[in-house]
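J.: Here is what each chain is made of, one letter per residue.
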Amino acid sequence: MNGFSGILRRELRLALAGGGDMLTLVLFFVITGALVPFAVGPDRELLARIAPGIVWIAAFLAMLMGLDRLLRPDREDGTLALYRLADLPLSAILAAKVIVHWLTSALPLILAAPFLALILGMDPQTFWRTLLSLLLGTPALAAFGTFGAAVTVAIRRGGLLAPILIAPLCVPVLIFGVGAISPLGGPDQAGAALLLLAALSLMACALSPFAAAFAIDWGEE
Amino acid sequence: MNGFSGILRRELRLALAGGGDMLTLVLFFVITGALVPFAVGPDRELLARIAPGIVWIAAFLAMLMGLDRLLRPDREDGTLALYRLADLPLSAILAAKVIVHWLTSALPLILAAPFLALILGMDPQTFWRTLLSLLLGTPALAAFGTFGAAVTVAIRRGGLLAPILIAPLCVPVLIFGVGAISPLGGPDQAGAALLLLAALSLMACALSPFAAAFAIDWGEE
Amino acid sequence: MSLVAEGLACGRGGHALAADIAIALAPGQGLLLRGPNGAGKSTLLLTLAGLLPPLAGSIRYAGHDAEAGPALHYCGHRNGVRARLGVAQTLDFWAGLNGRTGLSIAAALEEVGLAGAAGLDAGYLSAGQQRRLALARLLVTRRPLWLLDEPSAALDTAGQALLARLLADHLARNGLAVIATHDAIAVPDLSVLTLGEAA
Amino acid sequence: MSLVAEGLACGRGGHALAADIAIALAPGQGLLLRGPNGAGKSTLLLTLAGLLPPLAGSIRYAGHDAEAGPALHYCGHRNGVRARLGVAQTLDFWAGLNGRTGLSIAAALEEVGLAGAAGLDAGYLSAGQQRRLALARLLVTRRPLWLLDEPSAALDTAGQALLARLLADHLARNGLAVIATHDAIAVPDLSVLTLGEAA
Amino acid sequence: MTIDTTPKMRWWDRLAHPGQFLAWTGYLVWPLIILTALLFALGLYFAFFNSPADYQMGDTVRIMYVHVPSAWLSQFVYGAMAVSALGTLVWRHPMADVSMKAAAPLGAAFTAMALFTGSMWGRPTWGTFWEWDGRMTSTLVLLFIYLGIIALWRAFDDQLRAARVIAVFTLVGAVNVPIIKFSVDWWSTLHQPASVFRADGPTMPPSLLIPLFIMFFAFTFLFITLQVVTMRTEVRRRRVITLERKAARETGA
Ligand code: HEM
Ligand SMILES: Nc1ncnc2c1ncn2[C@@H]1O[C@H](COP(=O)(O)OP(=O)(O)OP(=O)(O)O)[C@@H](O)[C@H]1O
Ligand SMILES: Nc1ncnc2c1ncn2[C@@H]1O[C@H](COP(=O)(O)OP(=O)(O)OP(=O)(O)O)[C@@H](O)[C@H]1O
Ligand SMILES: [Mg+2]
Ligand SMILES: [Mg+2]
Numbered sequence: 001m002n003g004f005s006g007i008l009r010r011e012l013r014l015a016l017a018g019g020g021d022m023l024t025l026v027l028f029f030v031i032t033g034a035l036v037p038f039a040v041g042p043d044r045e046l047l048a049r050i051a052p053g054i055v056w057i058a059a060f061l062a063m064l065m066g067l068d069r070l071l072r073p074d075r076e077d078g079t080l081a082l083y084r085l086a087d088l089p090l091s092a093i094l095a096a097k098v099i100v101h102w103l104t105s106a107l108p109l110i111l112a113a114p115f116l117a118l119i120l121g122m123d124p125q126t127f128w129r130t131l132l133s134l135l136l137g138t139p140a141l142a143a144f145g146t147f148g149a150a151v152t153v154a155i156r157r158g159g160l161l162a163p164i165l166i167a168p169l170c171v172p173v174l175i176f177g178v179g180a181i182s183p184l185g186g187p188d189q190a191g192a193a194l195l196l197l198a199a200l201s202l203m204a205c206a207l208s209p210f211a212a213a214f215a216i217d218w219g220e221e
Numbered sequence: 001m002n003g004f005s006g007i008l009r010r011e012l013r014l015a016l017a018g019g020g021d022m023l024t025l026v027l028f029f030v031i032t033g034a035l036v037p038f039a040v041g042p043d044r045e046l047l048a049r050i051a052p053g054i055v056w057i058a059a060f061l062a063m064l065m066g067l068d069r070l071l072r073p074d075r076e077d078g079t080l081a082l083y084r085l086a087d088l089p090l091s092a093i094l095a096a097k098v099i100v101h102w103l104t105s106a107l108p109l110i111l112a113a114p115f116l117a118l119i120l121g122m123d124p125q126t127f128w129r130t131l132l133s134l135l136l137g138t139p140a141l142a143a144f145g146t147f148g149a150a151v152t153v154a155i156r157r158g159g160l161l162a163p164i165l166i167a168p169l170c171v172p173v174l175i176f177g178v179g180a181i182s183p184l185g186g187p188d189q190a191g192a193a194l195l196l197l198a199a200l201s202l203m204a205c206a207l208s209p210f211a212a213a214f215a216i217d218w219g220e221e
Numbered sequence: 001m002s003l004v005a006e007g008l009a010c011g012r013g014g015h016a017l018a019a020d021i022a023i024a025l026a027p028g029q030g031l032l033l034r035g036p037n038g039a040g041k042s043t044l045l046l047t048l049a050g051l052l053p054p055l056a057g058s059i060r061y062a063g064h065d066a067e068a069g070p071a072l073h074y075c076g077h078r079n080g081v082r083a084r085l086g087v088a089q090t091l092d093f094w095a096g097l098n099g100r101t102g103l104s105i106a107a108a109l110e111e112v113g114l115a116g117a118a119g120l121d122a123g124y125l126s127a128g129q130q131r132r133l134a135l136a137r138l139l140v141t142r143r144p145l146w147l148l149d150e151p152s153a154a155l156d157t158a159g160q161a162l163l164a165r166l167l168a169d170h171l172a173r174n175g176l177a178v179i180a181t182h183d184a185i186a187v188p189d190l191s192v193l194t195l196g197e198a199a
Numbered sequence: 001m002s003l004v005a006e007g008l009a010c011g012r013g014g015h016a017l018a019a020d021i022a023i024a025l026a027p028g029q030g031l032l033l034r035g036p037n038g039a040g041k042s043t044l045l046l047t048l049a050g051l052l053p054p055l056a057g058s059i060r061y062a063g064h065d066a067e068a069g070p071a072l073h074y075c076g077h078r079n080g081v082r083a084r085l086g087v088a089q090t091l092d093f094w095a096g097l098n099g100r101t102g103l104s105i106a107a108a109l110e111e112v113g114l115a116g117a118a119g120l121d122a123g124y125l126s127a128g129q130q131r132r133l134a135l136a137r138l139l140v141t142r143r144p145l146w147l148l149d150e151p152s153a154a155l156d157t158a159g160q161a162l163l164a165r166l167l168a169d170h171l172a173r174n175g176l177a178v179i180a181t182h183d184a185i186a187v188p189d190l191s192v193l194t195l196g197e198a199a
Numbered sequence: 001m002t003i004d005t006t007p008k009m010r011w012w013d014r015l016a017h018p019g020q021f022l023a024w025t026g027y028l029v030w031p032l033i034i035l036t037a038l039l040f041a042l043g044l045y046f047a048f049f050n051s052p053a054d055y056q057m058g059d060t061v062r063i064m065y066v067h068v069p070s071a072w073l074s075q076f077v078y079g080a081m082a083v084s085a086l087g088t089l090v091w092r093h094p095m096a097d098v099s100m101k102a103a104a105p106l107g108a109a110f111t112a113m114a115l116f117t118g119s120m121w122g123r124p125t126w127g128t129f130w131e132w133d134g135r136m137t138s139t140l141v142l143l144f145i146y147l148g149i150i151a152l153w154r155a156f157d158d159q160l161r162a163a164r165v166i167a168v169f170t171l172v173g174a175v176n177v178p179i180i181k182f183s184v185d186w187w188s189t190l191h192q193p194a195s196v197f198r199a200d201g202p203t204m205p206p207s208l209l210i211p212l213f214i215m216f217f218a219f220t221f222l223f224i225t226l227q228v229v230t231m232r233t234e235v236r237r238r239r240v241i242t243l244e245r246k247a248a249r250e251t252g253a
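Sequence order for the protein chains is W, B, F, H and Y. Per full-length UniProt numbering, the very first residue in the first sequence carries number 1; after that it's consecutive. Per full-length UniProt numbering, the very first residue in the second sequence carries number 1; after that it's consecutive. Per full-length UniProt numbering, the very first residue in the third sequence carries number 1; after that it's consecutive. Per full-length UniProt numbering, the very first residue in the fourth sequence carries number 1; after that it's consecutive. Per full-length UniProt numbering, the very first residue in the fifth sequence carries number 1; after that it's consecutive.
These are computed hints drawn from the structure, not numbers from a lab. Quantities reported herein were computed from a predicted structural model and do not represent experimental measurements. There's no promise every hint is true.
[What the hints assert, rightly or not] Among chain H residues calculated to face chain Y with C-beta under 10 Å, some are:
(1) 2
(2) 12
(3) 13
(4) 19
(5) 22
Glycine included, every Cβ here is placed at the ideal spot set by N, Cα and C.
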């Protein structure tokens, strides 16, 4: 476990010290969301109606965009090869990566979400539900994303490829995530969507480290 | 002029031969747009209303995402340093880059736009107006984007930074672009928006190669 | 522990670069890999490390207890050193990940001559210093087999001497080593395997 | 044309690596830069090329008509060769960009021994062949000053001879050259400037 | 072609040489702090005790004394940054780099403050925290630009190179900000009736204007003080980095 927490520490240290990556991601999230009113017009009612969807899509895109920095730097400086020879199994290392990815790209977005909610004119109740659904749903995005990064890490210019590959896989997360906020079928439906979201996140987090480890072991060198 | 057309030829050849970059971008565009119905719910009327905005935002994001491949490969293999010693001035080379960026990332999106319009249930008239506004507005995005790529080319892991920097500067393009489509202020306003869009594109295309050349000359090595 | 490889073929993308290689290393023995550029030295090392699948043949680590963790250290062209992490932090990270079965962090840094730079950002290190840091990684976790790819690259004369001393120590402690290099390594009694002679 | 640099200091990020350098090259003269790793040889070449600003001092290219385009060719570690472009296409591109004032494409490829590979994808070339292609770029556009950074890297013996021949030709045609290298270059009468001796 | 960079020491070079700068601004910091504190004390006294509550907005009008100066500074700081950028590009002055770098977070902070106080004010006066009004929207975009510049500074390892590139970007931004402002105004007047929620400047009674002006000066001096302090920290930080790198170079290898 020493190695596991070591990875968490190292990655968090890099993320906090490192080159404003987290700031860039949060900015991407907020800017993407804030662009929408320019595109659909500053109609308060319309905006409030689509606001949860916008927040989710912006979070979705931002998390996908952050994928490139998850494994590629490790591959480029040779760390990834060493991970494969570490005492800790590769899947445990990748589980740590999932956690770190969530902490460094989902958590900042969730913290920045109130700002976006404010300018999109979300009402407080919807806002809390959005926050809850983001909290439950983003782990699945982090897990799927780590898998996507692992699949594309061996490709030299794979920058946009991981998002493209992963986006279709993540559509259910988006559907349940938004479903948990604006319950067209009433509160029952919203509860069901939240449960499904949590189940999806749990399953994805449990399985993706193994799938990602496979992808790296088979694809590397 | 020989060198200028040489650059155009080279870049187009690379883009066409090269690794499905263009396909990835188009997929990103379509997927981003297609995610929206999942996020805001399948309400046809609502979708049709926000469709032009969505197409514009998706195009906007896709063009920003394509920035990373514009100058970075040239820098990494040493071509950029040689460009600075070429007979052709750097600004002319960058003007060629603007054109190529438009041809390889805006044009494919415009060609793929009908598909997205179909998914979002746009009516034909709006669709043609959207196409026209994309045609007039994307050159400005290409020009600003080239400038953003030039500013961040010296940074090793600058992937998301150029989009972040450029997006706020491109807000006017988005505003006039959408303004030219859904003329809430009547056809007069739409005409004005189109004119402003064209003016913006012209100005951006004329000035950005010089600004980008400055940024490269001052920031390199 | 001893290493035995028989009928080994290695290569990239299904294309064999070197075939029918036989290696037998007893405890305390070192092997130098030599050969022209592109002969497949690096590829062979990666195959021995298990990072590339062998195209044919077998590799056995006799007498190694699999429970005790991986049998080998690989040290390639890329040092796995990241800017914005401290020198001691980097080493501590690897020690935690691989197991603290060797020297302490401070002792290892002292050994490779980086004691003065312990608190520095590893990104400020010159190429030679980064290579020393990579060597220190081999010291904090004890593993019987060292696979070194051009370990002397970027090292100056003092660094070369350091490398030879570390290697001699390791072999004296019944370790094994396979080293691909173009340079001379001042360690006595290394056997030599030359690849790609025909090419 | 002749090159005169006086009191030149060059460095990275405001930190001077080499200071007070004086260079005077008359037509037909070549200069070898020598020195240990990190002495600043590559940095000096970049400064001479105008790609890095000098920290102090002046560089003059006397007798060069600025109308005729840049006075120099720079050939660095990275070859500017891109996969998915043909060999002849690559060369043609550079000729178009820099001006076709030298050999024809075919003649230049012939000269560097790549005539057979003209139609190949440049990404398939080995490192040595890519370096030859980079040298061919110097032949298709005639410029008086050549700045070469480790030109012999990755070249085999035949390649080294080729390089020496090209250099001798260039100097014989009243060209100038500054070459940073660790290898021996078989061209007579090169003057030598050694950097970083004190360090 | 001649490149001549023999250093010519002009008086402003000497005054703004990093070492000299630390020396003479050392005498300036405390007086600036005291002046700023006095101005704030005076301004806040006027604002809270010596100005009338608005007949419509009540006591919330007092937010104005923070909101308007910070909104004003959000633009002023960009101007200061653009001038510093010119200093970097035209005179290649190291202190201009430092000034540019110091101003970015300050500008972002003032802009954020304008947004925050504005929306705090908006809640009681027009019932919502945010309205896509032209002025507010362009302030928001300005905040994004500031934050982008901060991210850019953080991404560069070599601060000298960073300064020149960011200077170019800052100047392009300076050309663009008016265009953004115009387009946003066009957009929001097009789409919604002009919201008449603010008093017009000139019609303000003097009892409001005087404290407002004092607060203007207080905020401006706050900016100047913070700018000087941040620049001093930055100069020192750079020295430490230089020393560290030198140490790394000298530890052998
Ligand atoms: C987040 C919301 C807001 C933002 C971003 C904002 C931004 C600005 C800006 C940029 C200025 C211009 C300063 C100058 O030109 O020097 C300004 C001035 C002003 N604002 Fe706001 N504002 C906001 C909300 C409000 C609200 C809610 C009120 C009052 C109900 C208000 C009242 C004023 C007044 C009275 C002035 C000064 C008079 C003038 O220049 O016309 N603002 N604000
Ligand atoms: N990642 C890779 N993918 C595919 N082929 C590769 C890769 N790396 C190297 N090769 C090819 O494999 C061959 C052998 O490379 P290898 O690195 O094993 O040679 P080497 O003997 O170590 O040479 P050197 O002395 O230059 O280190 C070369 O022809 C090279 O082109
Ligand atoms: N891009 C860069 N940015 C900042 N510093 C650099 C950069 N490249 C090199 N350096 C530093 O500049 C110093 C000199 O490098 P330079 O490449 O000029 O040395 P060199 O004499 O060419 O060495 P070599 O023989 O290894 O080629 C080194 O200490 C290096 O760390
Ligand atoms: Mg090798
Ligand atoms: Mg060099």
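J.: Evaluate each hint against the coordinates.
T.: For each hint, the structure was consulted:
1. With a cut of 10 Å, the hint placing residue 2 of chain H at the interface with chain Y is violated, because the nearest CB-to-CB distance is about 12 Å.
2. Interface hint at residue 12 of chain H: satisfied, since its Cβ lies 8 Å from the closest Cβ of chain Y, which is below the 10 Å cut-off.
3. Satisfaction of the interface hint for residue 13 of chain H is found here, the shortest Cβ-Cβ separation to chain Y being roughly 5 Å, below the 10 Å cut-off.
4. Checking residue 19 of chain H against chain Y by beta carbon gives a least distance of about 13 Å; that is not within 10 Å, so the hint is violated.
5. Look at residue 22 of chain H: its Cβ only gets to about 15 Å from chain Y, farther than 10 Å, so that hint breaks.
Hint check: violations occur at hints 1, 4 and 5; the rest are consistent with the structure.
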